[in-house]
Structures are given as structure tokens and as C-alpha cells.
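A.B. asks: Sequence:
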Amino acid sequence: MKRISYQSKSLTDGKTVYVTPNLDLSQGGFLSYAQTLQTNHFYRPHIPMALLLSISAAVVCSILALLLSSKELHLPYVLQDTFSFSRSETTPSAKYAYLNKMERGIQQQKAAQVLFLTNLIRDTRSSLKNPKELALSIVEESERLSMDPLFVASVIHAESTFRHNARSKVGALGLMQIMPATGRWISRTEQINWKGSQSLISDPAYNIRLGISYLKQLEKQFGGDRRLALIAYNWGPTNLTRALKERSATPKVSKRYAEKILAYSKQWKDEYANVKEQYKRLPSNFLAS
1 MKRISYQSKS
11 LTDGKTVYVT
21 PNLDLSQGGF
31 LSYAQTLQTN
41 HFYRPHIPMA
51 LLLSISAAVV
61 CSILALLLSS
71 KELHLPYVLQ
81 DTFSFSRSET
91 TPSAKYAYLN
101 KMERGIQQQK
111 AAQVLFLTNL
121 IRDTRSSLKN
131 PKELALSIVE
141 ESERLSMDPL
151 FVASVIHAES
161 TFRHNARSKV
171 GALGLMQIMP
181 ATGRWISRTE
191 QINWKGSQSL
201 ISDPAYNIRL
211 GISYLKQLEK
221 QFGGDRRLAL
231 IAYNWGPTNL
241 TRALKERSAT
251 PKVSKRYAEK
261 ILAYSKQWKD
271 EYANVKEQYK
281 RLPSNFLAS
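Numbering (the working numbering), first residue to last: 1 to 289.
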């Protein structure tokens, strides 16, 4: 960097200023120029106010952009394909409007699914006293673990036909027919408080939570293949792993079990798609009533 040298000049009133050698001091120019300078001060170029304002505005905008982009909006399962949010909508008012819209959409979608499942459960088991309560548990627990509630309902239908107190000959309990040993293991691996085997019958939501957690583990274990996960849920993951390794046959009953659930799940999704528009005008207190 080139250094700038300065020369001193004394004014008639005894004040001293420092100027660059190429400054034009002829014809009184120096005196008129020096009137604005203070004694023994170097002259520094004046930064335009417009430039300062531009720099300040740029800094403020950068900080705001970082703050607004620091919070990602994650959608629950029921709305993953329903809403999109443009990063260009970064004003607080736009973000609040989006959040309000998303919340309304969540409640509408949730209410529609609960009503659909309520009717489905009532048609399957008319003796059930409060099908809406069970439908709400299925939707909420599925949403909690990001799984399709209609798929979960199809598993419950195959396992217990929506009977919360179902018991199998081998000791499986509740809606999703969970073996106590399996429930205890799932509660440990997923850090869910183990409430005891009796809770698998007395607490439907707890049974559903453990069952969904188990299904998700099986899907992960078998590479996301839902059909294999269902076969493992029915036959046991150890048996299926051995059969795949040895390329031996899996039981026909387990294959039919998986196919039945997948067929029901698809059928109910198609039926729900045809009626969900009719449910958008449900009263706002539907879920609370």
C-alpha cells in the first residue's frame, strides 16, 4: 500500500494544518479550504452519508435474513404434501399467516381422519361404546410417530378388529397384539416408560404407541420394505431374517397377513380421498366434543 506523506502549512492566525503535497494552494485556495480544519489535525476524506446508510441497511437486512431462516418449519405427517412455504416469504406477517393457515389445516385434516376412522370402527365393531375416542388415539399416536393413521388402523383391524382387550392364545395383548416381552423391549429401545403388561389392555393409546414404534423399527430393519416389516410383525423378525438368509420359504399365513393389511390400507386411503373434501366444514369443536 502506498503511503501518503503530508506537509504542514502555517496560517496567518497561527493555526497549523497538514495537507498532501499535490493540494492546490494557489490564489487563496488553501485559506478557504483550511477554514474548516482544526489545529494540528490531519485531513481525512469525508465518507458520504448515503454510503453509511447503505452499509447499515445491508447489515440489518443480513441479520434479519439469518434470524428468519434459522427456524425451519417441520410439518406433521398429515400435512407433508399439503403445504409449501417459500423462503421468499420471510416477513413476520407472512410467517404468522402461514403458521395460522398450517394450524387450521392440521385441525381440519385431523378432524377429517378422526371422523373417517370413527365411522370405519363403528361399522366394524358396532358394540364399541366410544369409537371416536379410539379413532382419535389412532390419529394422534400415528401423527406423533409420523406414520399413516390409515395404515395403522389396517394393522389394528387385522390384529384385533379394534378390540382393546383382545388376548391371543400365545399371550399377545391389546389392539396391536403386543407380546409383553416385546413391549418391554420396545419401551427400552425407544425410551418409552414401561407401564407393565396390564397397560397393553387398559391403555389403548399406550398399546398403539408401542405397536407403531415396533413397526417403524421393523421397517428400518428390513430396508423400508413395508411388506417384509408386516411379515416380521406377524412371524417374528428373527424367523424372517433367517429365512431370507437361507432363502427358505416364509409361511403362507404370514404372507396373506401382510397382503391383507396392505390391501385394506390402500382401500381405505382411496375411500378417504373420495370423502375428505366433505369433511372440511366440520365444526371447530368436533375434536373436543
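Worth double-checking, as some hints may not be accurate.
What the hints assert, rightly or not - The calculated DSS-like cross-link candidates involving lysine-lysine, where the alpha carbons are at most 27 angstroms apart (straight line), are:
hint, residue 1, residue 2
1, Lys252, Lys216
2, Lys266, Lys276
3, Lys245, Lys129
4, Lys195, Lys129
5, Lys252, Lys280
6, Lys252, Lys269
7, Lys269, Lys195
8, Lys269, Lys280
9, Lys216, Lys245
10, Lys129, Lys276
11, Lys129, Lys255
12, Lys266, Lys132
13, Lys276, Lys252
14, Lys280, Lys132
15, Lys169, Lys280
16, Lys269, Lys220
17, Lys255, Lys266
18, Lys255, Lys280
19, Lys260, Lys132
20, Lys260, Lys280
21, Lys276, Lys132
22, Lys132, Lys269
23, Lys255, Lys269
24, Lys269, Lys216
25, Lys169, Lys129
26, Lys266, Lys220
27, Lys245, Lys280
28, Lys245, Lys260
29, Lys169, Lys216
30, Lys255, Lys276
31, Lys195, Lys132
32, Lys132, Lys216
33, Lys255, Lys216
34, Lys255, Lys169
35, Lys280, Lys216
36, Lys260, Lys220
Stated by the list, open to error - Between beta-carbon pairs, the in silico distance windows are:
hint, residue 1, residue 2, range
37, Lys216, Lys255, 20 to 26 angstroms
38, Arg184, Asn285, 36 to 42 angstroms
39, Ser289, Trp185, 34 to 40 angstroms
40, Ser202, Glu246, 39 to 45 angstroms
Hint data in this document are derived by calculation from the structure and do not stem from the laboratory.
In this text, a Cβ means the ideal position worked out from N, Cα and C, and glycines have one as well.
A.B. asks: Against each hint, give a clear statement of whether it holds in the structure.
C.D. replies: Hints, one by one, checked against the model:
Distance hint between Lys252 and Lys216 is fulfilled; the C-alpha atoms sit about 23 angstroms from each other, no more than 27 angstroms. At roughly 15 angstroms between alpha-carbon atoms, Lys266 and Lys276 fall within 27 angstroms of each other, so this suggested pair holds. For the given pair, Lys245 sits about 46 angstroms from Lys129 by alpha-carbon distance, which is inconsistent with the 27 angstroms threshold. For the given pair, Lys195 sits about 25 angstroms from Lys129 by alpha-carbon distance, which is consistent with the 27 angstroms threshold.
Distance hint between Lys252 and Lys280 is unfulfilled; the C-alpha atoms sit about 42 angstroms from each other, more than 27 angstroms. The suggested pairing of Lys252 with Lys269 holds, with an alpha-carbon distance near 26 angstroms, which does not exceed 27 angstroms. Simply put, Lys269 and Lys195 have alpha-carbon atoms about 33 angstroms apart, too far for the 27 angstroms limit, and the pair is violated. A distance of roughly 17 angstroms separates the Cα atoms of Lys269 and Lys280; the hinted pair therefore holds under the 27 angstroms criterion.
At most 27 angstroms may separate the alpha-carbon atoms for a hinted pair to count; Lys216 and Lys245 meet this at roughly 22 angstroms. A C-alpha spacing of about 24 angstroms is found between Lys129 and Lys276, which places the hinted pair at or below 27 angstroms, so the restraint holds. Between Lys129 and Lys255 the alpha-carbon distance is near 33 angstroms, which puts this suggested pair outside the 27 angstroms criterion. Of the supplied pair hints, the one linking Lys266 and Lys132 holds, its CA atoms being roughly 22 angstroms apart against a limit of 27 angstroms.
The suggested pairing of Lys276 with Lys252 is violated, with an alpha-carbon distance near 36 angstroms, which exceeds 27 angstroms. Taking the CA atoms of Lys280 and Lys132, the gap is about 17 angstroms. The hint holds against a cut of 27 angstroms. Taken as a hint, the Lys169 and Lys280 pair is broken in the structure, with Cα atoms around 43 angstroms apart against an allowance of 27 angstroms. Note on Lys269 and Lys220: the hinted pairing holds, with a Cα-Cα distance of about 23 angstroms set against a maximum of 27 angstroms.
This hinted pair checks out: Lys255 and Lys266 have alpha carbons roughly 17 angstroms apart, not beyond 27 angstroms. Using a Cα cut-off of 27 angstroms, the hinted pair Lys255 and Lys280 is violated, with the two alpha carbons roughly 37 angstroms apart. For the given pair, Lys260 sits about 24 angstroms from Lys132 by alpha-carbon distance, which is consistent with the 27 angstroms threshold. Distance hint between Lys260 and Lys280 is unfulfilled; the C-alpha atoms sit about 30 angstroms from each other, more than 27 angstroms.
Restraint check for Lys276 and Lys132: satisfied, since their Cα atoms lie roughly 17 angstroms apart, inside the 27 angstroms limit. Straight-line distance between C-alpha atoms of Lys132 and Lys269 comes to about 19 angstroms, which keeps the hinted pair within the 27 angstroms bound. Annotation: proposed proximity of Lys255 to Lys269 holds, straight-line Cα distance about 21 angstroms (limit 27 angstroms). Proximity of Lys269 to Lys216 is assessed by CA-CA distance (about 20 angstroms); at most 27 angstroms being required, the pair is judged to hold.
Restraint check for Lys169 and Lys129: satisfied, since their Cα atoms lie roughly 26 angstroms apart, inside the 27 angstroms limit. For the given pair, Lys266 sits about 21 angstroms from Lys220 by alpha-carbon distance, which is consistent with the 27 angstroms threshold. In summary, the hint linking Lys245 to Lys280 is not supported, as the alpha carbons are separated by about 49 angstroms, beyond the 27 angstroms threshold. Between Lys245 and Lys260 the alpha-carbon distance is near 25 angstroms, which keeps this suggested pair within the 27 angstroms criterion.
A hinted pair counts as satisfied when its Cα atoms are at most 27 angstroms apart, and Lys169 with Lys216 qualifies at roughly 25 angstroms. Taking the CA atoms of Lys255 and Lys276, the gap is near 31 angstroms; set against the 27 angstroms cutoff, the hint is violated. Distance restraint check for Lys195 and Lys132: the Cα-Cα separation of roughly 24 angstroms lies within the 27 angstroms cut-off, and the hinted pair is therefore satisfied. For the proposed pair Lys132 and Lys216, the alpha carbon gap of about 25 angstroms is at most 27 angstroms, so the pair holds.
Our distance criterion of 27 angstroms between C-alpha atoms is met by Lys255 and Lys216, whose separation comes to about 19 angstroms. The straight-line distance between the Cα atoms of Lys255 and Lys169 is roughly 21 angstroms, inside the 27 angstroms bound, and the hint therefore holds. For the suggested pair Lys280 and Lys216, the alpha carbons sit about 30 angstroms apart, so the restraint of at most 27 angstroms is broken. A hinted pair counts as satisfied when its Cα atoms are at most 27 angstroms apart, and Lys260 with Lys220 qualifies at roughly 21 angstroms.
Between Lys216 and Lys255, the C-beta spacing of about 21 angstroms keeps the proposed range 20 to 26 angstroms intact. Taking 36 to 42 angstroms as the suggested C-beta distance range, the pair Arg184 and Asn285 conforms, at roughly 39 angstroms. Distance hint check for Ser289 and Trp185: the Cβ-Cβ separation is about 38 angstroms, which falls inside the suggested range of 34 to 40 angstroms. Taking 39 to 45 angstroms as the suggested C-beta distance range, the pair Ser202 and Glu246 conforms, at roughly 41 angstroms.
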